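Full structure from sequences and hints, please.
Residues per chain are reported as follows:
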Amino acid sequence: MRARTAASVAVVTLVAGLAGAQAPPRWVERTKADVRGGKGSFHEIVDTVVKGEQVQIVRVEDKWLFVRTPRAKQGYVFEAALSNQPVTGGGSDFLKLAPGDASTSATAASAGAKGIYAEQYARQKGFDYGVVRWVEDNQPPGNVMEAFVKEGGLQ
Amino acid sequence: MRRGLAILLVLALAGCGGRMDVGSVMSAAQTMITQGPGAVTGAFADMDEPQEIELGRAVTANVGSRYKLLRDPALTGYVAQVGNVVAARSERPDLRYYFAVLDAPEVNAFAAPGGYVFITRGSLMLMRDEAMLAGVLGHEVAHVALRHGVEAIKAQKRKDLAVLGLQQGLRFTSAAPFTQAISLAADTVAEQIVLKGFSRAEEEEADRAGFQYARAAGYDPAGLRDFLAALVQRGAGDTRTATFFSTHPGTEDRMKEQEKLLAAAAGRGQRNPDRFAKAVASR
Chain U
1 MRARTAASVA VVTLVAGLAG AQAPPRWVER TKADVRGGKG SFHEIVDTVV KGEQVQIVRV
61 EDKWLFVRTP RAKQGYVFEA ALSNQPVTGG GSDFLKLAPG DASTSATAAS AGAKGIYAEQ
121 YARQKGFDYG VVRWVEDNQP PGNVMEAFVK EGGLQ
Chain B
1 MRRGLAILLV LALAGCGGRM DVGSVMSAAQ TMITQGPGAV TGAFADMDEP QEIELGRAVT
61 ANVGSRYKLL RDPALTGYVA QVGNVVAARS ERPDLRYYFA VLDAPEVNAF AAPGGYVFIT
121 RGSLMLMRDE AMLAGVLGHE VAHVALRHGV EAIKAQKRKD LAVLGLQQGL RFTSAAPFTQ
181 AISLAADTVA EQIVLKGFSR AEEEEADRAG FQYARAAGYD PAGLRDFLAA LVQRGAGDTR
241 TATFFSTHPG TEDRMKEQEK LLAAAAGRGQ RNPDRFAKAV ASR
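Top line first, the protein sequences correspond to chains U and B. Note that our numbering gives residue 37 to position 37 of the first sequence, counting from 1, and the numbers run on in steps of one. Note that our numbering gives residue 181 to position 181 of the second sequence, counting from 1, and the numbers run on in steps of one.
To be clear, the hints were calculated from the coordinates, so they are not data collected in a lab. Treat the hints with caution; some may be incorrect.
Said to hold, decoys possible - Derived pair list, reagent style DSS-like, types lysine-lysine, alpha-carbon separation capped at 25 Å:
#1 U/K125 / B/K68
#2 B/K196 / U/K125
#3 U/K73 / U/K63
#4 U/K150 / B/K278
Said to hold, decoys possible - So these bits of chain B aren't anywhere near chain U, every CB distance computed over 12 Å:
#5 D94
#6 V117
#7 E130
#8 A185
#9 A209
#10 G218
#11 G235
#12 R240
#13 A242
#14 S246
#15 M255
#16 A263
No experiment lies behind these values; they were computed from the predicted model shown. Beta carbons are placed, not taken as given, at the ideal position from N, Cα and C, and that holds for glycine.
Structure (structure tokens):
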């Protein structure tokens with residue numbers, strides 16, 4: 001009887017411990033990293049995390065981590081962008097110097113400095129920056145990519 | 001004294017490169033004068049991803065001045081879909097890649113830092129199926145994923161002060177020097193990828209990596225080998241292939257290396273000739 005009670009207590013304690021366990025944290029070690037809706041850079045950006053920010057790992061899928069961000073958004077981040085050790089935060093001088101909101105934009109990690117410097121360069125050289133915009137505007141979205149992979153028998 | 005030394009140093013460095021104009025040299029010298037010797041160390045020891053993407057945009061604008069962009073959304077979308085499938089298997093699958101078709105009859109393909117990949121209409125006309133396209137795009141994606149374009153900047157460090165600053169770290173306190181640095185870096189990279197090509201070692205590394213990307217994506221990894229074979233068959237004497245042979249040396253050796261990789265790889269993947277023909281051959 002005493003042994004059964006002890007076993008029950010142990011099971012309850014174990015279950016309670018598991019339920020209360022926090023998902024392991026990771027820290028962003030790149031200037032910025034995009035959190036995406038799928039495992040691929042062609043999926044939409046749901047949030048952007050910056051160097052030093054902590055994210056919670058929900059699950060691991062291959063080399064992609066499904067995380068919860070400090071802003072309670074969930075999505076995929078590539079493992080190389082995160083560290084399992086705390087990282088000191090620090091903004092990018094490059095992004096801070098960009099006019100406007102390039103240092104805080106939710107899409108700044110993908111957008112670089114939003115083309116501000118490149119557009120200045122193009123203007124100085126007499127190049128058509130519309131070429132860059134056209135290329136960036138004519139890329140396939142995530143749902144198109146998924147269908148393309150499936151139809152082509154690819155992985 | 002400090003001003004004089006800075007200007008002398010900048011002029012000496014610029015003289016090695018031979019591509020800086022006087023205004024650029026004086027402006028770079030001014031940066032050293034106002035920010036001191038410490039300005040040449042520190043902050044940008046490694047180009048981070050936003051900087052690399054910005055450089056890629058500038059290079060794309062430069063490429064757009066050398067080639068006419070083929071503004072065909074359907075064809076561009078198809079090429080981008082194949083490219084993204086192989087890029088997802090690269091070392092940098094989280095980088096956003098952008099693919100573009102250049103309206104030129106010559107056979108060529110090249111990649112800029114930050115994920116900007118270009119292929120000419122002439123290259124597409126030489127292909128028979130999607131596996132060949134995946135092989136070529138895999139090779140170009142590898143240049144991006146392995147940061148070969150960024151390495152091209154490093155190779156110029158003794159020749160060009162502003163590029164040196166981008167690599168070793170000018171601690172910029174205003175946006176103007178970065179604009180200047182990215183301008184010179186874009187000129188360097190554009191010239192490298194369009195006219196000179198990467199080193200033989202980098203080309204071989206990109207071949208091996210591209211082979212693995214295409215294979216992992218489910219394509220027949222013989223695509224690049226078949227493309228190179230088609231090129232050799234056309235011959236270096238053809239005006240449409242001359243640029244490719246000059247920027248991608250050792251084509252027959254590269255084919256042999258691909259043969260070795262194929263011999264060691266089990267199984268084959270998709271070629272998708274019908275989908276390729278529908279998207280490309282009719283244009």
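Each hint tested on the structure:
1. U/K125 / B/K68: holds (17 Å)
2. B/K196 / U/K125: Holds, because 21 Å separates the two Cα atoms, which is no more than 25 Å.
3. U/K73 / U/K63: holds (20 Å)
4. U/K150 / B/K278: holds (17 Å)
5. D94: For B/D94, whose nearest Cβ neighbour in chain U is about 4 Å away, the distance does not exceed 12 Å, so it is violated.
6. V117: violated (10 Å)
7. E130: With a cut-off of 12 Å, B/E130 comes too close to chain U, as the shortest Cβ separation is near 7 Å.
8. A185: violated (9 Å)
9. A209: holds (16 Å)
10. G218: violated (4 Å)
11. G235: Holds, because the least Cβ-Cβ distance between B/G235 and chain U comes to about 32 Å, which exceeds 12 Å.
12. R240: holds (23 Å)
13. A242: Holds, since 25 Å exceeds 12 Å.
14. S246: Per Cβ check, B/S246 is outside 12 Å of chain U; nearest 24 Å; holds.
15. M255: Fine: 25 Å to the nearest Cβ keeps B/M255 off the interface.
16. A263: holds (22 Å)
Violated hints, in rising order: 5, 6, 7, 8 and 10; the structure is consistent with all others.
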